[in-house]
Amino acid sequence: MSNKEKSLFDAFAARHLGRRELLDRAAKLGLGAAATSAMLNAAQSRAMAADYDWMANKGQTLRLLLNKHPYADAAITNLKHFEEMTGIKVSYDVFPEDVYFDKVTAALSSKSTQYDVFMTGAYQTWQYGPAGWLVDLNQFIKDPSKTAPTYDWEDILPNLRSSTSWSGKPGEALGGPGAKQWAMPWGFEINDVSFNKKMLAAQGMEPPKNLPDLIDKAAQISTKVPGAYGIGVRGSRSWATIHAGYLSGFTNYGGKDFSTEGGSLKPIMNSKEGKDFTKLWLDMLHKGGPKNWTQYTWYEVANDLGAGTSAMIYDADIIGFFQQTGTKEAGNIGYEAFTPNPDAKAPTPNIWIWGLAMSAFSGKQDAAWRFMQWASGTEQLTFGATKANQVDPVRQSVWNDGDFKTRLNATYPGFLEEFNGAAPGAKIYFTPQPLFFNVTTDWAAALQKMYAGQVSVDDGLDQLATNIASQLSDAGITN
Amino acid sequence: MSASHAAVSPDLAEPKGVVRKRGAGLLPYLLSLPALLVCVGILVPFVTAVFYSLERYNLAFPQARKFIWFGNYIKLAQSSEFWRTVEVSLLYTVFTVGFELLIGLGIALLLWRRSLVTNLLNILLILPLMVAPAIASLMWKLMTNANFGILSYLVSELGFPNFRWATAPGSALFTVVLVDVWVYTPFIAILLLAGLRGLPSQPFEAAELDGVPQSFVFFRILLPMLAPYVLTATLFRMLDSIQQFDIIYAMTQGGPGDTLMVFQIQSYLQAFTFTNIGRSSAILMVLWAITYALSKYFMSTWTRLRERAHGLA
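Which chain is which? The protein sequence lines are A and B, in order. The numbering of the first sequence is our numbering, which starts it at 1 and goes up by one. The numbering of the second sequence is our numbering, which starts it at 1001 and goes up by one.
Because the hints were derived from the structure by calculation, they are not lab data. Just to be clear, a hint being listed does not mean it is correct.
Claimed, not checked - Cross-link-like lysine to any residue pairs, in silico, SDA-like; alpha carbons within 25 Å at most:
no.: 1; chain 1: A; residue 1: K328; chain 2: B; residue 2: I1150
no.: 2; chain 1: B; residue 1: K1075; chain 2: A; residue 2: Q463
no.: 3; chain 1: A; residue 1: K287; chain 2: B; residue 2: G1170
no.: 4; chain 1: A; residue 1: K224; chain 2: B; residue 2: N1147
no.: 5; chain 1: B; residue 1: K1075; chain 2: A; residue 2: K287
What the hints assert, rightly or not - Listed next, the stretches of chain B that the computed footprint assigns to chain A, with coverage defined by at least 3 CB atoms under 8 Å from CB atoms of chain A:
no.: 6; region: 1085 to 1095
no.: 7; region: 1142 to 1150
no.: 8; region: 1197 to 1207
no.: 9; region: 1249 to 1255
no.: 10; region: 1269 to 1281
Said to hold, decoys possible - Distance ranges between label pairs, derived from CB positions:
no.: 11; chain 1: B; residue 1: V1155; chain 2: A; residue 2: A201; range: 32 to 40 Å
no.: 12; chain 1: B; residue 1: P1224; chain 2: A; residue 2: T466; range: 51 to 59 Å
no.: 13; chain 1: A; residue 1: N389; chain 2: B; residue 2: L1142; range: 25 to 33 Å
no.: 14; chain 1: A; residue 1: K198; chain 2: B; residue 2: N1147; range: 15 to 23 Å
no.: 15; chain 1: A; residue 1: G363; chain 2: B; residue 2: G1025; range: 54 to 62 Å
no.: 16; chain 1: B; residue 1: V1155; chain 2: A; residue 2: W153; range: 56 to 64 Å
no.: 17; chain 1: B; residue 1: N1147; chain 2: A; residue 2: D51; range: 55 to 63 Å
no.: 18; chain 1: A; residue 1: T297; chain 2: B; residue 2: P1062; range: 25 to 33 Å
No residue lacks a Cβ here, since even glycine has one placed at the ideal position from N, Cα and C.
All chains should be modelled from the sequences, with the hints used to inform the complete structure.
Right, here's the structure in full:
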């Protein structure tokens, strides 16, 4: 490599040069795509290595536990870069989501040293963290001797940083005083409305403006379009049913899961606001939802949108992203920053965060931290967002990246606008407490009962609140 | 030489020329060692589960772990959800085993006489058994899909356009029983067919010569002789049905609401989703007690019937 070429790539790695300009200049120097890619990797390694010893754990082997997901795929694709930069060998196990968290729970609860780093959801850290299974990452992030100067922690979106940190005291705010950083945000999902532009246009409809409007349009589509229905949302008897569209709308209508009056948790999902919203939600399902709603996971919601069976979904925006290519309805998907409550000023989407966490039983924590820095660093996440499917990226710099914007605008028109409209209010709206999965699983079961008419909404939510209060007391969380 | 050795009969003495190898005395113990290891392998987790069931033990609250004697069992007994679990588990067992026995016996009788067709059907009959129950459930989930499922289409043609299969509380139990019957009826049919083909032919020939009515032959000759096989099949299926997990979990996850919240799903959720090991173990212990009682009853009945079938009673 000539000095001229080296300077060119170093300038890019130091962010003095845009990607397009880099490619133009590289072409002028007569460099092919393969050579450009190799030199880019080398320059990025040099930039990352400045003032930080990436090779300190050379020769060690890390073992990762990963969920089968585009985020994991992006890291695996580029793993060689990390291994060359650090001299650390990486092996990994990948499990499908159906069994993934069972595997994590089994590995951590048995204090196994098998895995050093694993993928986790933010909600799961409310169980794993207080149980003593995770390392508080603040000890690395806040120690300049352990963290590379190029690792820009502040670049990660603030709501994501706070949503993955918690003190462990039930009811205390995420990211509040004394919060421990249980995971590094790695990718996230904003729960919002994605829709089939073609199907709505065929009915002369605009995207829905609010929940009553959505119900009306969903009902019309279910009635008028043969073989299709209006709105797809999750409905299986699982915690995952609650955290997506339902809680986003519930929050927008003023509902909350708990109050923390007097320092004690009190279930209040049965408030008037909560009941009013839940009635609307069930009305939406009865008039425009899928007939077998109680079996719907994110997978069915996604498939129906891509197959043209549903006109709209109220779920993770990345579902809309992935259905935009390689499906029957590819190119027809639109995105909306959705404010369900006509009286609300802005969307309040609840989010799902995939993060990377470090096992407290790992004997290679320094090496693990190097991997976590690399995997959640600007370079890798830019690679993931532009060359793979690691959306939504957790770093502001990646959202600002010209190539990423170009990619979104070319293939996913409206996605960036949806993100910009929803992001300011996007965060975890659940009250953190270790019985999260009990609460949300029982909530989903209660919704199914209300949907089937086994119990009224008022009685169903009242019974749920009573049941949750009892569970909190049994667990010693409340008196 | 001790007195006991001196008393050994000359007939039992080792023949001349046979040299007892050193260490041969250990052989019986070595031969039974694998069985001992298996027993220990089973007993250790069992005893551990019994111990956990007597603890307040939630993985998310390690500091709150303590021995509470029968606290988990008392909580279960006070919970209406638990009694619903007992009820639905028993209903599921009765319906699946009942239908599978009836249909399985019918199929076995149809295949009793050997011919080219019955031999071919014998082979085809085994096919559903080769499908993993979870996969079978997914197939049925697709076939009963309200939007495109073939079964949904067929029942709508029969005048039930809104039949919701596993997604409605009123039809969920029927649907999962149907899947179980589809998967496991061949097992019962094959077991009973083997029994039928092993029965002596003389009683049936004598009945035919005497002009005994077919109903008499069926109820008073065939069924009593086949009873040990029926009981064996019932025992196998009953133990499996009361511990059902995969079919119900794959189709409904225990829903809609709490409609199909059987023992194993309840226990799985408690352990893996709620990390409540104490409660989960207590549920499994109750399931074990029910299973043990049923097995004991069926085994003693089986022994009695077998003796009767062999004319020893």
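(request) Find the hints from earlier in the document that the structure breaks and name them by number, from lowest to highest. (result) The structure breaks hints 5, 6, 8 and 15; every other hint is satisfied.
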